[in-house]
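Colleague: Sequence:
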Amino acid sequence: MRLPRGVLFLAAALTAATLAGPAPSAEAENSGGRCARLENVRVPGAALQREACLDDLTTTGLAGTDYTDPADQAGLTAAGTRSPSGVPGVQIDGYFPDSSRFNTTHGWRHDAQFVIRLPDRWNGGVVVTGAPGNRKQYATDKAISDRVLAQGYAYAATDKGNNGTDFYRDGVRPGDAVAEWNARTTQLTRAVRRVVAQRYGHEPRRTYITGISNGGYLTRWQLENHPGLYDGGVDWEGALWTADGPSLLTSLPATVARSLGAARDEDLYAAGFARGSEFLWPYHEKAYWGVTQKIYRAEFDPAYDPHCPGPTAGSSPEGILAPCASDAAYEYAARPASVRRAVARVALTGRIGKPLITLHGDLDALLPKAADSDVYARMIDERGRGALHRYYTVARGTHVDGLYDTHPDRLRPILPCYRSAFDTLTVWVERGTPPPADRTVGEPADGDVVDSCPLR
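Position 451 of the sequence shown, counted from 1, bears residue number 451 in our numbering, the numbering being contiguous throughout.
Honestly, the hints are just simulated from the structure, not real lab data. There could be a bad hint or two in this list.
[Unchecked claim] Distance windows between CB atoms, simulated:
id, residue 1, residue 2, range
1, A437, R205, 25 to 31 angstroms
2, A36, W108, 34 to 40 angstroms
3, R264, S316, 26 to 32 angstroms
All of these numbers come straight from a predicted model, not from anything done at the bench. The beta-carbon is built from N, C-alpha and C at its ideal position, and this holds for glycine as well.
Could you put the whole structure together from the sequences, leaning on the hints where they help?
Modeller: Take a look at the structure:
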């Protein structure tokens, strides 16, 4: 049975395609060529790394190879998305020491995997990201990597140290798995800055952090906790975790209750879900809501129902997607203080230390903006950091762009707005040009919602 795209988004596909790698560029074996001395490029702290000199680092050039994984990218972009290609350079795949074994990419059965791409024509910058949902390191190759490589940036992505719908089994204490996401992102950022210095002769002039969903959460957390590592970031619908709420654990129980006939539409509106997003609810009920609630509740509050999900979220697609009936009655505010302490370990504060641009679709039916980015924007303002933040609502945008292909008359992809936001960020950081004020982004004048989205 083929998994719905939503499960691919959350679980990064339960089985990976078996792919054959291409022959490295002929220059890789030429000691005087552009890929000479690769043996001198070492990823600090890596337990294993594999280098390859390739003629094209983009998804177009890597298609059918084991240097990317289209299954891990499924549903994140609209089918008609145009991406650049023809970017020669070096790719380094590997992993840092770790005890968990969820990631089977390359047959390594080892977590903390990463990919680093170093274009031949480097602009002096680095872009770092973490996998969205519970996917792996190649998840944003088409959405992020292709374009930033074509612009000349080095690129690095991490699987966050655990992945798949059983990620909550990693660690000892509640919250350990998510806490590792933050540590792995910091670890990779520090490592890739050293790698580019080895490859190009000097450290990066600019380092940017960015990501989608859980990757957006990582962007927020890094700019709050390690602003010295970065020059700025773009947060695409990052997940919000706060010790007292809101979070996934305060908005999703109503969706489970509704799916089991124990709640009404009005209960979802009260939880933050947008009026007008109802046409997306049947899909999310099948592919997102139940599985998301149970695995994140198992991560932060395993004592609530130790038997569901238990040691695994499911052994079949049906089992994975099925909600835990107990979650229909879950009340985060009524849970013991230990649960809030677990969330507090990874909570956001709004105290960003570098420029941040946030994007969120007004029809997001997994992370409703009223209970997420609207709240985070207020948190930033309350911390006195509003001058470092811009917040753009994408009209008719939803959580994954792939749903545009199903509802082209009712949705629009966010990716072109994300690309505009990234360019706006770099101009803000490097030239001091202020971005537009917070606003709702309407339709582009040319009507091309798949590849056009001017923010101004």
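Colleague: Can you list which hints this structure breaks, lowest number first?
Modeller: 2
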